[in-house]
Amino acid sequence: MEANHVLDCKGLQCPVPLIQAKRAVERLSVNEILELHTTDPGALQDIPVWARANGHTIVKQQTDGSTYRFWIKKGRRED
Amino acid sequence: MNGKKTTMVVFSGDLDKALAAFIIATGSAAMGNQVSMFFTFWGLNIMRKDQVVNVKKSWMDKTFGWLLPRGPEKLGLSKLHFAGLGPIMMRRVMQKKNVATLNELIQMALELDIKLIACTMSMEVLGIQKEELIDGMEFAGVATYISEANDGNINLFI
Numbered sequence: 001m002e003a004n005h006v007l008d009c010k011g012l013q014c015p016v017p018l019i020q021a022k023r024a025v026e027r028l029s030v031n032e033i034l035e036l037h038t039t040d041p042g043a044l045q046d047i048p049v050w051a052r053a054n055g056h057t058i059v060k061q062q063t064d065g066s067t068y069r070f071w072i073k074k075g076r077r078e079d
Numbered sequence: 001m002n003g004k005k006t007t008m009v010v011f012s013g014d015l016d017k018a019l020a021a022f023i024i025a026t027g028s029a030a031m032g033n034q035v036s037m038f039f040t041f042w043g044l045n046i047m048r049k050d051q052v053v054n055v056k057k058s059w060m061d062k063t064f065g066w067l068l069p070r071g072p073e074k075l076g077l078s079k080l081h082f083a084g085l086g087p088i089m090m091r092r093v094m095q096k097k098n099v100a101t102l103n104e105l106i107q108m109a110l111e112l113d114i115k116l117i118a119c120t121m122s123m124e125v126l127g128i129q130k131e132e133l134i135d136g137m138e139f140a141g142v143a144t145y146i147s148e149a150n151d152g153n154i155n156l157f158i
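Protein chains in written order, with the UniProt record's numbering: chain P, 1 to 79; chain G, 1 to 158.
Simulated from the structure, these hints should not be mistaken for laboratory data.
Among the hints, a few may not be true.
[Said to hold, decoys possible] For the chain P half of the interface with chain G, some residues (derived, Cβ under 8 Å), not all of them:
id, residue
1, L7
2, G11
3, P48
4, W50
As the structure is a prediction and not an experimental result, all values here were calculated from the model.
In this text, a Cβ means the ideal position worked out from N, Cα and C, and glycines have one as well.
From just these sequences and the hints, can you work out the full model?
This is the structure we're talking about:
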């Protein structure tokens, strides 16, 4: 899937991936895709919850070994 | 912003509790919530600048100033403190495991527009002056905290 921006949060611990994701999404336009890479197992729950709370959609999710990858489509709700 | 609000009283000046407070606060801001943190009593130590600030003080206020930790790098642990060895080990482990430092979390809080409010009554008791706290703080009393907490969705005392 083609992403508009790739954010590498591998090795970073909670809550830093959430904060970086928030900043990255703010720079995107509605319906653009953020591809997020993380190794924090908590992110498996946290990223979808964060996306839902902010009106974004997880359009694809993939696990490669210990890396979790999310494709997040920016929603319409403005921060 | 989603219109939801988190308020927090940070009473403790322990490193571990301060970390918890700032992780929850910055996480809440990332979730789209408006966040206010009220620093009172020992919690004020977290927000002290690490260098000595030249302000006029009574000898009692000066003594407090020397005895109390000056900023995030000087805080102790609530458990396993071991006369200062615990915090050194804890900071080393956290750095190795790539956990954000308290200084970094405070910086993120400022960037996320988290309101950092110092309790002026506690400042008076501990002899801490505005200039001795990090830039970007606000100063208020209990009424401000209650009025923010009244329309808050999450309220914590740490």
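Checked hints:
no. : hint : result
1   : L7   : violated, 13 Å
2   : G11  : holds, 5 Å
3   : P48  : violated, 12 Å
4   : W50  : holds, 6 Å
Of the numbered hints stated above, those contradicted by the structure are hints 1, 3, listed in ascending order.
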